[in-house]
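Novice: Residue numbers (my numbering), protein chains in the order written: chain A, 1 to 116; chain B, 1001 to 1111.
Just so you know, the hints here were simulated from the structure itself, not pulled from any lab data.
Don't take each hint at face value.
[What the hints assert, rightly or not] With beta-carbon atoms standing in for the labels, derived distance ranges:
{"#": "1", "chain 1": "A", "residue 1": "Gly16", "chain 2": "B", "residue 2": "Ala1041", "range": "42 to 50 angstroms"}
{"#": "2", "chain 1": "B", "residue 1": "Tyr1039", "chain 2": "A", "residue 2": "Ser66", "range": "27 to 35 angstroms"}
{"#": "3", "chain 1": "A", "residue 1": "Ser66", "chain 2": "B", "residue 2": "Lys1056", "range": "23 to 31 angstroms"}
{"#": "4", "chain 1": "A", "residue 1": "Arg84", "chain 2": "B", "residue 2": "Ser1069", "range": "40 to 48 angstroms"}
[Stated by the list, open to error] Taking beta-carbon pairs under 8 angstroms as the criterion, some of the chain A residues facing chain B (in silico):
{"#": "5", "residue": "Glu41"}
{"#": "6", "residue": "Leu43"}
{"#": "7", "residue": "Tyr48"}
{"#": "8", "residue": "Gly59"}
{"#": "9", "residue": "Pro61"}
{"#": "10", "residue": "Phe65"}
{"#": "11", "residue": "Thr104"}
{"#": "12", "residue": "Gly108"}
[To be verified] DSS-like mimics (lysine-lysine), calculated; alpha carbons at most 25 angstroms apart, straight line:
{"#": "13", "chain 1": "B", "residue 1": "Lys1071", "chain 2": "A", "residue 2": "Lys62"}
{"#": "14", "chain 1": "A", "residue 1": "Lys51", "chain 2": "B", "residue 2": "Lys1005"}
{"#": "15", "chain 1": "A", "residue 1": "Lys44", "chain 2": "B", "residue 2": "Lys1005"}
{"#": "16", "chain 1": "A", "residue 1": "Lys27", "chain 2": "A", "residue 2": "Lys51"}
Glycine included, every Cβ here is placed at the ideal spot set by N, Cα and C.
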Amino acid sequence: NAGVMQNPRHLVRRRGQEARLRCSPMKGHSHVYWYRQLPEEGLKFMVYLQKENIIDESGMPKERFSAEFPKEGPSILRIQQVVRGDSAAYFCASSPLLAGFTDTQYFGPGTRLTVL
Amino acid sequence: DQQVKQNSPSLSVQEGRISILNCDYTNSMFDYFLWYKKYPAEGPTFLISISSIKDKNEDGRFTVFLNKSAKHLSLHIVPSQPGDSAVYFCAATPGAQKLVFGQGTRLTINP
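Bound conformation, chain A alone:
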């Protein structure tokens, strides 16, 4: 009964490089959410996806950030041309598809991105 899986757990990039963060939701879950936590702060919503659809990207920076959740495979959060301010913990959460219900989101262990 695997939970939400994220990889890599730690990622180090130099300024200007690309970062790719992967998330595999819990079995049976078709909703994926990405959150970012800066040091000493709470988690901030970035994007909400269902398979092949972006439902809400209101928390995503307009430039350099993108997300996808393809029909097959994990969800990917992509950060192009990383800057030092992108250093943070990125968490993925998933929830099941239950129409008409508000579902609990279950979180993965996170990817800690460090930009040098």
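Since the structure of chain A is already known, use the hints to place chain B on it.
Specialist: Below, chain B alone, put in the same frame as chain A:
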């Protein structure tokens, strides 16, 4: 615009006593509230939730109270145990959508 606030950054409680963590919100559209516990270098772990149609939900040592008129919720842990030492986040959502988190409260249980 902090829609969910946890005004106590830290709380220290003696083992065996009750821990009470508080959370205030401003958005009347929130209808589902959750508490998560987080250890360093790990993801948040779901603890307990409550729908806006209820004012109390209990699960073992954990009870969440919701006061809609005051836009306030609280998490009670009794009795507190050393393993409860962690950062606790409250979160709210207006439906099956994004969660809005508070800043967290660091709970320390002293032996």
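Novice: All hints, please: hold or fail.
Specialist: For each hint, the structure was consulted:
Taking 42 to 50 angstroms as the suggested C-beta distance range, the pair glycine 16 of chain A and alanine 1041 of chain B does not conform, at roughly 27 angstroms. For tyrosine 1039 of chain B and serine 66 of chain A, the Cβ-Cβ distance of about 30 angstroms falls inside the hinted range of 27 to 35 angstroms, so the restraint holds. Between serine 66 of chain A and lysine 1056 of chain B the beta carbons are some 42 angstroms apart, a value that contradicts the proposed interval 23 to 31 angstroms. The hinted range of 40 to 48 angstroms is satisfied by arginine 84 of chain A and serine 1069 of chain B, whose Cβ atoms lie roughly 45 angstroms apart.
Checking glutamate 41 of chain A against chain B by beta carbon gives a least distance of about 6 angstroms; that is within 8 angstroms, so the hint holds. Taken as an interface hint, leucine 43 of chain A checks out: its beta carbon lies about 5 angstroms from the nearest beta carbon of chain B, inside 8 angstroms. With a cut of 8 angstroms, the hint placing tyrosine 48 of chain A at the interface with chain B holds, because the nearest CB-to-CB distance is about 6 angstroms. With its C-beta approaching chain B no nearer than about 7 angstroms, glycine 59 of chain A sits inside the 8 angstroms limit, and its interface hint holds.
With a cut of 8 angstroms, the hint placing proline 61 of chain A at the interface with chain B is violated, because the nearest CB-to-CB distance is about 15 angstroms. Using the Cβ-Cβ criterion of 8 angstroms, the hint placing phenylalanine 65 of chain A at the interface with chain B is not satisfied: the shortest such distance is roughly 15 angstroms. Given the 8 angstroms rule on beta carbons, the hint for threonine 104 of chain A holds: about 5 angstroms separates it from the nearest Cβ of chain B. The interface hint given for glycine 108 of chain A holds, since its Cβ lies 5 angstroms from the closest Cβ of chain B, which is under the 8 angstroms cut-off.
Proposed proximity of lysine 1071 of chain B and lysine 62 of chain A is contradicted: the alpha carbons are some 32 angstroms apart, above 25 angstroms. Between lysine 51 of chain A and lysine 1005 of chain B the alpha-carbon distance is near 32 angstroms, which puts this suggested pair outside the 25 angstroms criterion. Between lysine 44 of chain A and lysine 1005 of chain B the alpha-carbon distance is near 13 angstroms, which keeps this suggested pair within the 25 angstroms criterion. Note on lysine 27 of chain A and lysine 51 of chain A: the hinted pairing holds, with a Cα-Cα distance of about 13 angstroms set against a maximum of 25 angstroms.
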